[in-house]
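Peer 1: Protein chains in written order, with UniProt numbering: chain A, 1 to 624; chain B, 1 to 859.
A few of these clues could be false.
[Unchecked claim] Restricting the straight-line Cα-Cα distance to at most 27 angstroms, the calculated cross-link-like pairs of lysine-lysine (DSSO-like) are:
id	chain 1	residue 1	chain 2	residue 2
1	B	Lys408	A	Lys235
2	B	Lys622	A	Lys564
3	B	Lys765	B	Lys714
4	A	Lys564	B	Lys765
5	A	Lys468	B	Lys573
6	B	Lys747	B	Lys445
7	A	Lys416	A	Lys235
8	A	Lys38	A	Lys235
9	A	Lys416	B	Lys418
10	B	Lys623	B	Lys793
11	B	Lys418	B	Lys376
12	B	Lys793	B	Lys747
13	B	Lys623	A	Lys564
14	A	Lys564	A	Lys416
15	B	Lys622	B	Lys832
16	B	Lys623	B	Lys573
17	B	Lys408	A	Lys416
18	A	Lys468	A	Lys532
19	B	Lys623	B	Lys765
20	B	Lys814	B	Lys802
21	B	Lys853	B	Lys814
22	B	Lys765	B	Lys791
23	A	Lys416	B	Lys544
24	B	Lys853	B	Lys801
[Said to hold, decoys possible] Derived DEER-like restraints, expressed as beta-carbon distance ranges:
id	chain 1	residue 1	chain 2	residue 2	range
25	A	Glu515	B	Lys814	53 to 59 angstroms
26	A	Ser323	B	Asp452	49 to 55 angstroms
27	A	Glu445	B	Lys802	49 to 55 angstroms
28	A	Glu515	B	Asp820	55 to 61 angstroms
29	A	Ala360	B	Asp375	47 to 53 angstroms
30	B	Leu646	A	Glu445	35 to 41 angstroms
31	B	Pro357	A	Asp549	34 to 40 angstroms
32	A	Pro216	B	Ala594	41 to 47 angstroms
33	A	Pro216	B	Pro357	26 to 32 angstroms
34	B	Thr854	A	Glu445	36 to 42 angstroms
35	A	Pro134	B	Pro357	34 to 40 angstroms
36	A	Gly461	B	Ser268	53 to 59 angstroms
[Said to hold, decoys possible] Residues from chain B shown here face chain A by an in silico Cβ test under 7 angstroms; the list is partial:
id	residue
37	Ile285
38	Leu290
39	His363
40	Thr364
These are computed hints drawn from the structure, not numbers from a lab. The C-beta atom is built at its ideal place from N, Cα and C for all residues, glycine as well.
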Amino acid sequence: VDTSDMYINGPLQVNTDHAASQSNPKSGWEAKVVEFFKDRLKEKDAHTWVPSLNDVPLHYLKPNSLVKFRCLIQDMFDPEFFMGAYETVDPSTNVLRCGRYKDVTECGVDFNSRNTVTAERQTFYCVPIPGENPWVKEISSSSRVVPSTSYAPTRQKRSYEEDDMDDMDTQPQKQREPHSGHTEQHGNGDCKRQETEAPSSQTASASHLDLNFPLPGEKGPSCLVKVYEDWDSFKLNDTLEVFGILSVSPALSALADEKDASSSILDPTESMETAEEQRVHSPPASLVPRLHMLYARPLPHNNPLLPSATLEDNSAFLSSTLSEMASVRAELLTYLTHVLLGDALAAEYLILHLISNVYARRDVLPLGKFAMNLSGCPAAALYTQRFYQIIQQLVPSSFYLGMSLQNMNQMRLVPKKDYVANRLVSGALQLARNTFLFLDETHLEQGQLDTTGVRNVTALGNLISWQKVDYDFNYHQMEFPCNINVLIASEGRSLLPSDCQIHLQSQVSPPNMEEYLSNIQLHPQTSSQLNKFRIYLSVARQLDYSISDEMTKSVEDDFVDMRKDDPQSVSAEDLHRMLVVARLLSLSLGQTSLTRDSWLRAKHIDMLRRSRMEQHQCVNGNEP
Amino acid sequence: MSSPTSTPGRKRGRDGNPATPSSEGPTSPPSQRRRGQDSSNGDLMPMPTSPATDMLSPAAPQDTSLFSSPRASVLPNEVDMSSPLMYGTPSSRVEGTPRSSVRGTPARQRPDLGSVRKAPQVDLHSEPPSADGAVASEPNAGQRLVIWGTDVNVGTCKEKFQRFLQRFIDPTATEDENAGLDLNEPLYMQKLEEISVVGDPVLNVNCLQVQSFDAELYRQLICYPQEVIPTFDMAVNELFFERFPDSILEYQIQVRPYNALKTRNMRSLNPEDIDQLITISGMVIRTSQLIPEMQEAFFQCQVCAYSTRVEVDRGRIAEPAVCRHCNNTHSLALVHNRSAFSDKQMIKIQESPEDMPAGQTPHTTIVYAHNDLVDKVQPGDRINITGIYRAVPMRVSPIQSNVKSVYKTHIDAIHFRKTDEKRLHGLDEDAEQKLFTEDRVQTLKELAAKPDVYERLSSALAPSIYEHEDIKKGILLQLFGGTRKDFSQTGRGNFRAEVNILLCGDPGTSKSQLLQYVFNLVPRGQYTSGKGSSAVGLTAYVMKDPETRQLVLQTGALVLSDNGICCIDEFDKMSDSTRSVLHEVMEQQTLSIAKAGIICQLNARTAVLAAANPVESQWNPKKTTIENIQLPHTLLSRFDLIFLMLDPQDEAYDRRLAHHLVSLYYQSEEQIEEEFLDMAVLRDYIAYARTYINPRLSEEASQALIEAYVDMRKIGSGRGMVSAYPRQLESLIRLAEAHAKVRFSEKVETIDVEEAKRLHREALKQSATDPRTGFVDISILTTGMSATARKRKEEVAQALKKLIQAKGKTPAMKYQQLLDDLRGQSETAITKELFDEALRSLADEDYLTVTGKTVRLLA
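So here's chain A without its partners, still in its complex pose (with noise of 0.2 angstroms):
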């Protein structure tokens, strides 16, 4: 335990120490240190030790110390080359320093040593993921809290800390860090929130910055995440945890700074970089961290709830679970049911989109995604609105687009490659995996698109078909893929493509919609209860699921059969979505192979709404 708080508090001097003990600097000490940086993050519970950057405002957290980001890879900049090691000027001092897990060097490097070794790292724009629930946040900041185990070590930490602080150049508010530190440990809750809401504050005076958030209206530190190594494993919009070291020195900012004001006339190289790209490339450190990184663990899910190592290896969490789910199933149904007015069809495929997920792809086909058309939306009383906010308390991450006319023509949905200032400008459509989008076509008024309309509804028709999004490089596309459940609310059938479309049929019709709506949400749902369902819906995604050859031969009949009555009636495309209809409803009962009865079911309720939608072509007299 004596360790494990040092590694968390001085890192680089566990670092350096293992480089003094290694006279020689190629011996791979380096490979070590990350080895031991790992191996004590594995160790029980070990991460929750580490101050999070998602949660701990940045004035809070100790320069150099290990911390760690759940983020979501939102722009790569070109590698970079750096002085791995380096001999200082000065003769007197003059040992080989490791350059690595830094971005300043101390004192005065000798440029023209033998001994500088020149490394390479690439830099990641990382941003916290887009859409993440407050829930999400709140959970996950106050889980760190729970694992108070021992206090013993923190004594001992503070005065390590307070010897070290004198002979650093730190800013007041670090030398309260210790104290602030250990009452957030002792887990009070409203000393946190205040803290929170600090860096808020922070962010709205630098709003010149632009931090380049694929969603409007977010919030939250970015960081510029230095990979050492394996960077090539890494790909645009994964999400991770990163554990590294924190680096706001504030020489960085200082740097740039004086960089503007005199060198500029002296070294013509300098101011051919472009203001923007000077000030994308190196913002303040103060608001835009560096984070070195030692280690990355790629999340599955943004879930706090679920553990942290992956379902095959938590065997008894994914048993108890599973013998839940049915029951939770039920209950969720019922909840579901109903916010959507009593309409338990729509209900149970809600469900079914809320789990779905995309698998795999074949050549160009993704396999598993379960687009959904919610039409027959009431428009009255911001129903839409109502219902998301439902749907946001129960999934990880999630975001609300309103498909008005304004916002078509206006927002930013593809990603686009701003050349003037190097970086990859977000739009809406940088999303992690499994994001919940929720399309709200209720909102959509008369009226022409522009061409950036026009565009955008062909990118969110892209979407919804191949599950991709063309990333615009100005001089040419590229083709990223995504997973992100689609869920279009609109009044009549969408103009966007989906993969399923379910008519609302509202069973009860409340004399008063927003009273209705509003006592679902207060109803009393208690957060364990919440917690459940917010559990379920991430276990039941993650679920293998296999088809037997016994099944496969039944289906096939099935088909068959189906096609003998009226062709007409069943194409491949009914296949197809029948297929993944019965994957999802097999998985939501937590059954990880299709059973005869789940299929019979799947076929069912594809019946039911199948027939419910033909009623209502026929009301709507389109019939030729």
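The hints should help you fit chain B onto chain A, whose structure is shown.
Peer 2: Using the frame of chain A, we list chain B on its own:
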């Protein structure tokens, strides 16, 4: 001997002032004062080893014993012999002729090689130079001398390169740069001759040729370009002026190597490449304004007007504190007008989309172009750039001791080569084509030799889409395309070689998916949707470039898919004006543009794969294709194959379909791969066939084609209709050629014609069957109406006329009334459309006129 620091009058990049004769002499900027050059006129000045010191010691002894350069005898007061600039100019040969053009040929500085390290030569066998700058070597002829920090010996290197220039012959060279040269003569000597005639003192040297000639020399070139290239310059100039002593050049010849074997992707650049010669490919995304970079600062004393020049070292000017003339301190002021500048431009290149792994963003690199390479490239150009990779530490501030530990990297460009230039000229794109390895070619050939290759390939196409064998086969032939024929001499221009295909059918029959697959398969494919594209989006539009504020032509999907396939989904939803641009593209394969003063014709040799939905959302089998999709027949006749994607209603088919779909969803990745050909193999196969196979019609095949055509004509003639047009014959030829390509056969044979006939017939059977008679009637596609339909129309018109005549003298009638009357009279059902058409044809005869809901008789 003048001090090197005050050598004036050199050819400058910007000002171009003629040098003052008094101190005339080619001198170099600091960047040129390098060890490589030093050696040419004697060598081994005891240079300070500290790289930071770049001032030549004025006391540098002139030692000419090692290399008996003839220049050693030049009058010392005329030319600064200690200047390394002296390399290469054999001025001594014409010694005594004052201001001779040869001797006067100034060396032009090469900022592209600009050095920050300046190191002397050292003797390998002696001690390495100690830190305080003492050089341990002596000018001893027996010792092996190399440039400090390298293993390059200037003498040998120069000799080797001269030998290369004099002897290198490559009879197989095919590059366009060698056009007009005799391949059996030494290549570079011919190029030198060209230089002497043209006067453009740049010699491009293909590194691969250097490698094949002398691998060691090549290695040195790659590893120490900064040292070796000036040596090459030296060698080439000596050789050139020896051979063409009278030629006048603007400045001395500069060697520009290109095509370094280490050609790499931008992504694979790493610290090991620093200061090495590299060739990378990429796309220009930004170019900066021209930047005048100061090479030499001119200072003048405010007190006594004494002037001095200071060379810029690593972006810094050491301002002289004391005037040497009057000893006043801080009296010197910089005079910008008289300082020397060179051109510089910053270019940003981005890696080309093909080189990138999926899911990552492209990398960019900064390139500096110097002197005449400035403005050689424009944003959007695809280029191969050869240059030296540099890493410069971030500026050290004198106040702060902490520095950012990051280097800035860039490439100093030595040579640009546009890769897409050729596309404008000819059809071949050898340069761009993938190079296939021997193994790959072998696999492909083995595959081609299999008897069922055609079936195999067609089933490998879009395996996730079930059945539709003939459609897949059609698309496969489209991917291969016919043979290009050029009849421009006889005035007919190019014949279309691309096969156009239209898919129509019910919604949800995976048409779009097929299109997406093709779009992903071909290297230059475009995917547009008829709904979302406008005429300009397909062709080209003129816009103001936000940066340069010039009008530029932006090309649309059809031009971008030149030599590829343009997939157009929802073809029926396209507006008429948009569709009309397709007429030219689909037959002439060009696009004519007249917009904003830009009048031009662009190549659009693209195959069109379109998908259309029936107007009534469901295909009506009782109607013809034209009626179902409501496209103009002029456009339809330009499609070689029109397929219907309908649901076959058959139990066996259903079973197979179900099996296919279920396994699609639940088969593991490996199983899928076992069953089908890899997409990469398919892609290579197509690329190979498109590049290397150009089948021609054999005698029998031509005969078979003629027969097929005559047969097709005959079918219709019995019923008084034309059933085939020359366009159908052309289609048959294209399809037959494409099928021969599939077999990797250089000759079109009868089997190819048979398959073409079969496919064509199948497509016709689907799309051109007259639903009323059940006959295949080509006129449905060519004139938009089947022969029987036309007959029927006439009959109705006549019946209507009779009806009106029977009514007697009513000058005006109600439309609805008339329709009801006609319906009551006729024994067959009369649709409203039919009635309208009958009215129209009577109106054409000037018999009546229709205004709103009233029909008026004329005359």
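Peer 1: Does each hint hold? Answer for all of them.
Peer 2: Hints and how they fare:
Restraint check for B:Lys408 and A:Lys235: the C-alpha separation of about 24 angstroms stays at or below 27 angstroms, so the hint holds. For the hint linking B:Lys622 to A:Lys564, the alpha-carbon distance of about 22 angstroms falls within 27 angstroms, and the restraint holds. About 17 angstroms separates the Cα atoms of B:Lys765 and B:Lys714, which keeps this hinted pair within 27 angstroms; it holds. Restraint check for A:Lys564 and B:Lys765: satisfied, since their Cα atoms lie roughly 26 angstroms apart, inside the 27 angstroms limit.
Restraint check for A:Lys468 and B:Lys573: satisfied, since their Cα atoms lie roughly 23 angstroms apart, inside the 27 angstroms limit. At roughly 16 angstroms between alpha-carbon atoms, B:Lys747 and B:Lys445 fall within 27 angstroms of each other, so this suggested pair holds. With a C-alpha separation of about 17 angstroms, the suggested pairing of A:Lys416 with A:Lys235 holds against the 27 angstroms cut-off. In summary, the hint linking A:Lys38 to A:Lys235 is supported, as the alpha carbons are separated by about 21 angstroms, within the 27 angstroms threshold.
Under the criterion of a C-alpha separation no larger than 27 angstroms, the hint pairing A:Lys416 with B:Lys418 is consistent with the structure, at around 26 angstroms. Proposed proximity of B:Lys623 and B:Lys793 is supported: the alpha carbons are some 15 angstroms apart, at most 27 angstroms. At roughly 10 angstroms between alpha-carbon atoms, B:Lys418 and B:Lys376 fall within 27 angstroms of each other, so this suggested pair holds. As the CA atoms of B:Lys793 and B:Lys747 are separated by approximately 48 angstroms, the hinted pair breaks the 27 angstroms bound.
For the suggested pair B:Lys623 and A:Lys564, the alpha carbons sit about 25 angstroms apart, so the restraint of at most 27 angstroms is met. For the hint pairing A:Lys564 with A:Lys416, the CA-to-CA distance comes to about 50 angstroms; that exceeds 27 angstroms, so the pair is violated. Distance hint between B:Lys622 and B:Lys832 is fulfilled; the C-alpha atoms sit about 16 angstroms from each other, no more than 27 angstroms. The hinted pair formed by B:Lys623 and B:Lys573 meets the criterion: a straight-line CA distance of about 19 angstroms does not exceed 27 angstroms.
Between the alpha carbons of B:Lys408 and A:Lys416 the distance comes to roughly 25 angstroms, so the proposed pair stays at or under 27 angstroms and holds. A C-alpha spacing of about 32 angstroms is found between A:Lys468 and A:Lys532, which places the hinted pair above 27 angstroms, so the restraint is violated. A distance of roughly 14 angstroms separates the Cα atoms of B:Lys623 and B:Lys765; the hinted pair therefore holds under the 27 angstroms criterion. Of the supplied pair hints, the one linking B:Lys814 and B:Lys802 holds, its CA atoms being roughly 16 angstroms apart against a limit of 27 angstroms.
Taken as a hint, the B:Lys853 and B:Lys814 pair is honoured in the structure, with Cα atoms around 6 angstroms apart against an allowance of 27 angstroms. At most 27 angstroms may separate the alpha-carbon atoms for a hinted pair to count; B:Lys765 and B:Lys791 meet this at roughly 22 angstroms. Annotation: proposed proximity of A:Lys416 to B:Lys544 holds, straight-line Cα distance about 19 angstroms (limit 27 angstroms). For the hint pairing B:Lys853 with B:Lys801, the CA-to-CA distance comes to about 18 angstroms; that is within 27 angstroms, so the pair holds.
Between A:Glu515 and B:Lys814 the beta carbon distance is about 58 angstroms. The supplied range of 53 to 59 angstroms therefore holds. Checked against the hint of 49 to 55 angstroms, the pair A:Ser323 and B:Asp452 passes, with Cβ atoms roughly 53 angstroms apart. Between A:Glu445 and B:Lys802 the CB atoms are about 54 angstroms apart, so this pair conforms to the stated range of 49 to 55 angstroms. Look at A:Glu515 against B:Asp820: about 57 angstroms separates their beta carbons, and that is inside 55 to 61 angstroms.
A C-beta distance of roughly 50 angstroms is found between A:Ala360 and B:Asp375, which places it inside the suggested range of 47 to 53 angstroms. Here the CB-CB span from B:Leu646 to A:Glu445 is close to 39 angstroms, well matched to the stated 35 to 41 angstroms. Look at B:Pro357 against A:Asp549: about 37 angstroms separates their beta carbons, and that is inside 34 to 40 angstroms. For A:Pro216 and B:Ala594, the Cβ-Cβ distance of about 43 angstroms falls inside the hinted range of 41 to 47 angstroms, so the restraint holds.
A hinted range of 26 to 32 angstroms for the beta carbons of A:Pro216 and B:Pro357 is consistent with their spacing of about 31 angstroms. At roughly 39 angstroms, the beta-carbon separation of B:Thr854 and A:Glu445 lies within the given 36 to 42 angstroms, and the hint holds. For A:Pro134 paired with B:Pro357, a C-beta distance near 36 angstroms keeps the hint of 34 to 40 angstroms intact. A C-beta distance of roughly 37 angstroms is found between A:Gly461 and B:Ser268, which places it outside the suggested range of 53 to 59 angstroms.
Evaluation of the B:Ile285 hint against chain A yields a held restraint, the C-beta minimum of about 5 angstroms falling below 7 angstroms. Interface restraint check: B:Leu290 against chain A, minimum CB-CB distance 12 angstroms, threshold 7 angstroms, status violated. Against a cut-off of 7 angstroms between C-beta atoms, the interface hint on B:His363 holds, since the closest Cβ of chain A lies about 5 angstroms away. The restraint placing B:Thr364 at the interface with chain A holds, with a minimum CB-CB distance near 6 angstroms, inside the 7 angstroms limit.
Against the hints set out earlier in the document, violations occur for numbers 12, 14, 18, 36 and 38.
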